[in-house]
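*Asks:* Combine both chains into one complex, guided by the hints.
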Amino acid sequence: MRVLQSAALAVAISISLVATVFGQGMEVSDVGIITGSLQTDIQQYRADSLIDAPDVPETILSNTFVNLIFTRGKFSAGLRFESYQNPLLGIDPRYGTSGEGTGIGIPYRYATYTEDHFEVTAGNFYEQFGSGMVLRLYEERNLGFDNSIDGLRLRFMPVSGVKITGFIGRQRSFFNLSEGIMRGADLNVDLKDLTTDLLPSDMYATVGLSAVSRFQADEDPFLRLPENVMAWSARGYFGWGDFQLEGEYAYKVNDPGATNNQSYNSGNAVYVNASYATSGIGASLAVKRIDNMDFRSDRTATGFVQAVNYLPALTKQHTWRLITLYPYATQPTGEFGVQGDVTVTIPRGTFLGDDETNITVNGAWIHALDTTRISAFNYVNNSLYAPRMFFRDINVEVTRKFGKGLKVVASYIDLLYDQDVIEGRATINETKYGVIHARFAVLEMLFRTGKGQSLRTELQWMGVTHQPGAELNLTNGDWAMLLLEYAISPSWFFTVFDEYNYGNANPELQIHYPNATVAYVHDALRVQGGYGRVRGGILCVGGICRPVPASNGFSLGVQYTF
Amino acid sequence: MIAQDQAVPDNATIPNVKVKTLDGAVVETATLGTTQKPVVISFWATWCKPCLVELQTYHDLYQDWKDELGVEIVAVSIDDSRNARKVPAFAKGRAWEFMVLLDENQDFKRAMNVNNVPHTFIVQNGRVVWSHSAFAPGDEDDIEAELRKLVTGVE
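Chains A and B, in that order, are what the protein sequence lines are.
First residue of the first sequence? That's 13 in the working numbering, and the numbers climb one at a time after it.
First residue of the second sequence? That's 42 in the working numbering, and the numbers climb one at a time after it.
With the rest of the complex left out, here is chain B (with noise of 0.2 Å):
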């Protein structure tokens, strides 16, 4: 889903943390969002019913997205060890198919200064461009306002 191969930006500002996929490989953070192509970074947890009502309208709106505007949603859960163990089946069973990387310590979390979940940033060219704390059902508007600005250059 994400090219992990992408060279990073010389003036990428994402910081460098290790994650996990929901298979066990190894993400390094500043590969996510490199091009032109924005990503929308959501950050999450299974116990957060904000957070829950945020992916769940992604969930609804991903595909169009992806077809319309070629982008991708990276839903990071900070799950600590009772729950990240569960994440794999609550996020398939959920049937995501967004890609869901694992902050097990909250390394990412604490690098990109969120001070609680949800938090959710659109990042282009290895730079965060939107940021928004929180989340209320119509925030996928502005979001989806924003993601096509990016997309077309017109506002």
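Just chain A, with the same shape it has in the complex (with noise of 0.2 Å):
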């Protein structure tokens, strides 16, 4: 693989110093074209007591990628170099510490070659096999994430509508290789692909088998733990005009380990979504239960690292800053979830008057699963799900213009949300922190203040009710947030945020968290700088989340694509 490496370096930087360069990317005629991206973020560290934040010794931490990508005709070859000097707080420190040590290397390099009916990679792969409920690989290196696997993947197309795709590799492990050895398999077969006459014009169907197995020798001085881990699954998708019905079972063998308190109960997940969508009117409604489907490629890990699978949560991703305090995040051990969605426009010209309004409307619900303990490693499920709520959310959002110059948008957000749970704060029977009660509002006003510029404001409110008796964290209690922007097209933005805990059970920590950016953009390229306190919460960034620390201090962050 380090002879993959050097060969792709070498065709980037003999192509960069001889190429001219045209819209996007570097080419030279008939040799290729390299593109890529950078993105460095730097933050400065204070400590402060009240918020937590932690004293950092190197004072500045960064964490830094660029990607390189170089094609000609049938043939890709690609890099990633990560730094991270040593890695901002909240992204795992194996970073700086795995490897060499150095927190330097290129842990994501590959070569594809694709042809109609085949295409091979060799190197570090992102794959997701249906919904991802056996394996996603894939990278959010906002929140320290990327489970790629390092082998060898093989596609085989055989005739329009088929695909049969193939793995052997192992998994990405910081600047390291986790210890077992994944192999996998996913045949799609789309049958409006496969042969035009055997559906209506507009009715679609695909129907999907995955396996995907696990080797880790057992060490274990005392239990007999299975050495080949295999989890499948079955799917099929139905499209009908406007209606649409898509479901996934999965199942996983026995797999004792650190984050199933060693069960030897097998797993299993299922998946069903329904929606109907025509112009100006859509609604989807979703049912899930999970039950120990927690799948690693190393048995022994814990926390945020090595997942093989993915199991989103079945709930609204809200990214109002306020409410992000209370994100739901999945149980792998065990779950029963639904959710609805209703999304509405009010075309122009009826009684709402000259300009569209569009509703939505969501619910989620989440319950523990009703098992009991029959012995020391197995446990037996009595029912589909248990009377004790993990999560439950309603809110509505109204997004409504008034002519050219101003949009306004309102929304509000009830929940529960079980801290002792969702944070791991408490085992399933006992009572810490115990249900927290949010309802949150919000107005955003829009306003076109002149060409090319506007200015942005959000009111943000949320009570929060904690039960009696509960013990409460550093961000209990009642929050208050205004945000300003100001932006002019296409370069500026300038931002300033207050968040206030004025109703912290503790007079003390009834603070102040303010925040200030600047961001300028020039095509691709955005500099943005900024300074703030920081509150320590969960962090939700595309589709998963993560603890974040307290921070006090400014920030540097540079992105360019080319």
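Don't take each hint at face value.
Taking lysine-lysine pairs in the DSS-like style, the calculated list, with each CA pair at most 25 Å apart, reads [said to hold, decoys possible]:
hint : chain 1 : residue 1 : chain 2 : residue 2
1    : A       : 175       : B       : 107
2    : B       : 59        : A       : 86
3    : A       : 413       : B       : 78
4    : A       : 463       : B       : 59
5    : B       : 78        : B       : 59
6    : B       : 59        : A       : 204
Derived from the structure by calculation, the hints contain no laboratory data.
*Replies:* Here it is in structure tokens:
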């Protein structure tokens, strides 16, 4: 693999030396094109005892990523340089200590050759089988997450509509590779593409089968652990006009590990989604049940690493700042959830006036499973789910334009959040922090103040009720927030906001969290600098959430795509 | 909407990965924007607020751009399996008439070197001719000027 790495670098460097710049990327006729991107995030840290921000000996920490992709016809190769000096707080510190221990390396590099009926990739690859319940390999660098597999992947498309994928390799673990060997295969059949006359013109259907397996030697002195652990799934998709139905069932053989309390139960998961959508109205309803489906490339891994599959939360992903204090996180050991969603657009010229009004309503309910332990290593399911609720969210959002000069978004969210379970603060039968009831309201207004100029304001409020007698964490109680953002198209953004924990039970912690940032954008370059006191909490980006520590200091970010 | 049978020009540089339409049909990304007619490709996600400001703006302007300039818009959702199933209801419920594609494991996003959403490209003859990260109200005027330049060949 070192050879591949050097070859890719050599190609990259030699081409860039003689390249001319066209719109995007660098290209020499008949040699190929190189495209890429850069991202660097630098944060200064100051100790702040009020918010529990620690003293950082380095004062400044940084994460840097540079991607390069070389393409010539059917061949492409790419790599990613990563540097953590040292990893930003909240990013796993093993990025700084694993491998050679310098925090610098090229942990991602690949070469791919694609023909009409065949594709081969050597090196690192990302992949998803079905909805991801048995395999999802992806990268979310802002969260310090990359679970690519290093190895070989083959795709075979024998006839139109049929795709077979197979792989074998080891998963990335910071600057090392994971202990387990991963193998997998997937069959996807698109009935529409397979034969044109099988389905009516407005009907689509797809079926798929996946299997993924891990080998990891059993070195446990006491337990007999399965060395080969397989998970498989079957899925189907059916679309007819405005109606869609999709479902997947997954099963995993017993896999006692660090995250399931050494349970010898097998695992399973089922997911069904139905939706109806036509111009101006859309609705969807989803049901999901997960039982013991945590799947990792190393059975000893815990926390946010070495995941092989992806079990997303069946809840709306809120991005209003205050309510991100209480996001739901899937409980892979067991949960049952239902979510419904309706979006309606009331067109121009009705009783609501000359502009469109958009309304969305969403609700989600997540419950515990109803299980009874029958031995030290096994449990049984008594019914579909238990009355015990982990999370409930009901929310509504209205968006309305008033001519060209003003756009308003108003939203209300009411949620119940079991802090003990979701944040792993207590065992399931214990109450420490209890259930939090949060009511959130926001009014966002976007004013066009002149040609290319706009002012955006957000007024947020969150009322929080804790269970009587419950323990309280640092950021308890009621909050308010004001945000002002002035933008000058296409290049400048000036943002200030302040979060104020005015209802904290401890008067000394009724504090402000002020932030100010300036961003400059020129084409595909973005530079952002700022100062802020950032509250600790859970940061959700791109579908997953991780805890971030509180911090206080200056930050600088640069991103560029070429 | 997008001519799928369109031959990809020899010197095209748009990477070819597979994404899906809201109906579940597979689209090869190299077939987007292969002709003289510019295509706006905008990467977005249901949870990304500036993306929604951008796409609602396009929603208001799309008919004019299409009639006057012959321009297509393709909104590529990078929502993962948490939200991807909700995208058809999300997009149609907002009465968006431009094409929406699903890039569920972000293969197209990676191939196009997109760091964060929103990120917008203009593609012509199979090549990226303009690229912009972030969206501020008023950016649509810049994009329109750029499109006009590309269509008429006049600054």
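*Asks:* Indicate, hint by hint, whether the structure satisfies it.
*Replies:* Hint check results:
Taking the CA atoms of residue 175 of chain A and residue 107 of chain B, the gap is near 35 Å; set against the 25 Å cutoff, the hint is violated. Simply put, residue 59 of chain B and residue 86 of chain A have alpha-carbon atoms about 15 Å apart, close enough for the 25 Å limit, and the pair holds. Note on residue 413 of chain A and residue 78 of chain B: the hinted pairing is violated, with a Cα-Cα distance of about 31 Å set against a maximum of 25 Å. Our distance criterion of 25 Å between C-alpha atoms is broken by residue 463 of chain A and residue 59 of chain B, whose separation comes to about 39 Å.
Between residue 78 of chain B and residue 59 of chain B the CA atoms are separated by roughly 22 Å; this keeps the pair inside 25 Å, and the hint holds. Between the alpha carbons of residue 59 of chain B and residue 204 of chain A the distance comes to roughly 16 Å, so the proposed pair stays at or under 25 Å and holds.
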